[in-house]
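Enquirer: Top to bottom, those sequences are chains A and B. Using the working numbering, read the first sequence as starting at 1 and increasing by one per residue. Using the working numbering, read the second sequence as starting at 386 and increasing by one per residue.
Calculated from the structure, these hints are not laboratory results. The reader is advised that the hints may include incorrect statements.
Using 27 Å as the maximum straight-line C-alpha spacing, the simulated DSSO-like pairs for lysine-lysine come out as follows [to be verified]: (1) K232(A) / K276(A); (2) K617(B) / K385(A); (3) K617(B) / K237(A); (4) K477(B) / K271(A); (5) K178(A) / K232(A); (6) K617(B) / K178(A); (7) K232(A) / K617(B); (8) K300(A) / K178(A).
None of these values were measured; they are calculated from a predicted model.
Here is what each chain is made of, one letter per residue.
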Amino acid sequence: MLSVFSHIRGVGERPDKTTRTLTLKGQKMKHLSILKATAATTVVMLGTIQIAQADTLRLLTWGGYAPDEVVAAFETETGHTVEVTLSNNEEMIAKLRATGGGGFDLAQPSQDRIAGPQAEFGIYKPMDLSQLKSDQFITSMLDATKTNTTVDADVYGVPHVWGTSGLVLDTAMASSVKDYTDLCSADVAGKVSYRLKRPTLIGFAFSMGLDPFAAYGDEAAYTEIMSQVEAKLVECKSNVKTYWGGGDELMNLVRSGEVVASMAWDTGGWKLNAEKPDVTFVAPASGALGWIDTFVLPAKGRADSAAYDWINFVMQPEIAAMITNTAGNFTASTGADEFVNAELKANYQASFSAAAVDNIKWYPPVPAGLEVIEGGVLDRVKAAK
Amino acid sequence: MLSHRNIGFYLLLAPLALWLILLIVIPHINLAMLSLQERVGVRQYETSFANYRTFIDEPLYIMTFARTAVMSILATTLTLLIGFPVAYYIAKMAVGRAKSVLFLLCLVPFWVSELVRTFGWMILLRETGVVSSFLQWAGLASGPVELLYNDASIMVGLVYTSMLFMVVPLVSTLDSLDNSVIEAGYDLGGSTPSILREIVIPHAMPGIVSGCIVVFMLSLGNYLTPIMLGGKDSLWFTELIYSQFIVRFNWELGAAFGFLLLFLSSVIVWAALRLSGQTLERTMG
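Build out the structure end to end from the sequences listed, making use of the hints.
Expert: Next comes the structure, spelled out in structure tokens:
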């Protein structure tokens, strides 16, 4: 679903670390010495430190979500320093699990991957919503995300960037493809690619007329759905050229014409559209799959106030539009649309009719334990001849 | 005096010991404990062998391991067959500057990262790649030829990636073989094959064994090459471990797989040493 983003910027498989060097240690030191010298005004000074404190914000995010110009503007305005680490959903959770939620102050997993890992590993801490300017968020999206990321009455996530995955097609060569299952038709044999990951399982299930989301709570029913999908994917395997792993790999396959139909995310299709007019993103008949990337606080984060500052800063319409222009995806910021460049808006409108928007299947929270069922299916599909 | 030497000895040993204990022993103990845990509910774990049972019960995992092992053995054999003549030429036939140049040529590919090297092969072998275009240009193929995404391309990648690790130990053992011994063989009426069999190979045996062990382990533990060159049929055991840890959040099973890889690969190396009548002591010593 989302790990594709770490590749859009040509980052490759490995997360890449960008560190900015704008330290304001001197300022902090000065405050400390004043503190020592004037014991009488300690209480007053403590207040000053709270306001002027320059923290280092260690941000674990996707490629394109923290563009250099946004980071620079934030540092100038608040005095905080931002260290950006690029990653994807699975790696974010794995990293935070390895440290028990340490090492980062703000992370951006998708909203469906928060409640499960939180229940299982306890890697996040509850969000203090009073620290956020909630009027900057699109209300429906904020409410939906709050509901989906609530564990034991605590809210763990607020929305940031959203988008969909569906079909990226060379419309001249693969006009017959309308839905995920059409990737298995003889018209496009040997020229198809998709990922061997959970979005593919979910997408195929929907296009086979099943409803995997309804079966999330029922392991037996979910296993049954997945076994039907497994049979379909095994049957479809001869049609597949290769299972793509990273965004760059897919872009190359489509660009060279080796692949004419694939399952991918919307911005990938729009990006290719600029280079090859025939290629574009198409919302499948059974509905595109919608994801929302969020902000969460890792359990052992040390700079919560800087994290809240960052959220409030990037949700401003102008800043959110800057992020949309680099990441390609729209944000949950109210009023940001008018600052987004026209080309992106045109692409979006061409791919999504009003009906297609209504038909988007938003991922509900993944209950702990489903990954194991899916994992077995994916392994068996990969091993099938 | 003795105690002095002891202190020096321990000081010299310290970096190695720290390295082994901190980076190898402790993580492995941790992994071992992890592999013996079974998830029974949210945040509830029990000690059991369930993860190891999964490996035995699910034929897919055993098949994947067997496939990885067989492919790695094949890759090792091919690397030896290609590497031996190369090493022999460098050690025995080339002289002076040519020798260093040839040796350097073996090294050059290793100046770039494995990722780049593997990507180079993708550029060559893909449907719209260099080889395919050349074949069409030369009239040997009527349409685009897909050479990527099969077992043969994985094999090419593995052999290429591990060639240096075979050539280096072979060159150093063959270098130590006195040319006069080979001459004496000819003088005594030996033919080229018999000299190779009776003199050169027995002398080079330590190099062959250590080269084979290194190449086998590198191939078995390789992750990038099978994934990038193998495409849809690439299933490799390390890939299973990676996906259990990162994609499935199933560290318990991943740890069990890690241990099985360690154990089974040690068994294979031990069996190969026994079968070929070699010992580790002789190879190293």
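Enquirer: Compare the structure with each hint and give your call.
Expert: Do the hints match the structure? See the list:
1. K232(A) / K276(A): Violated - the C-alpha atoms of K276(A) and K232(A) are around 31 Å apart, more than 27 Å.
2. K617(B) / K385(A): OK: K617(B) and K385(A) at ~9 Å, within 27 Å.
3. K617(B) / K237(A): 8 Å, holds
4. K477(B) / K271(A): Outside the cut-off at roughly 56 Å; violated.
5. K178(A) / K232(A): 17 Å, holds
6. K617(B) / K178(A): 23 Å, holds
7. K232(A) / K617(B): Roughly 15 Å between the alpha carbons, so the hint for K232(A) and K617(B) holds.
8. K300(A) / K178(A): 46 Å, violated
Hint check: violations occur at hints 1, 4 and 8; the rest are consistent with the structure.
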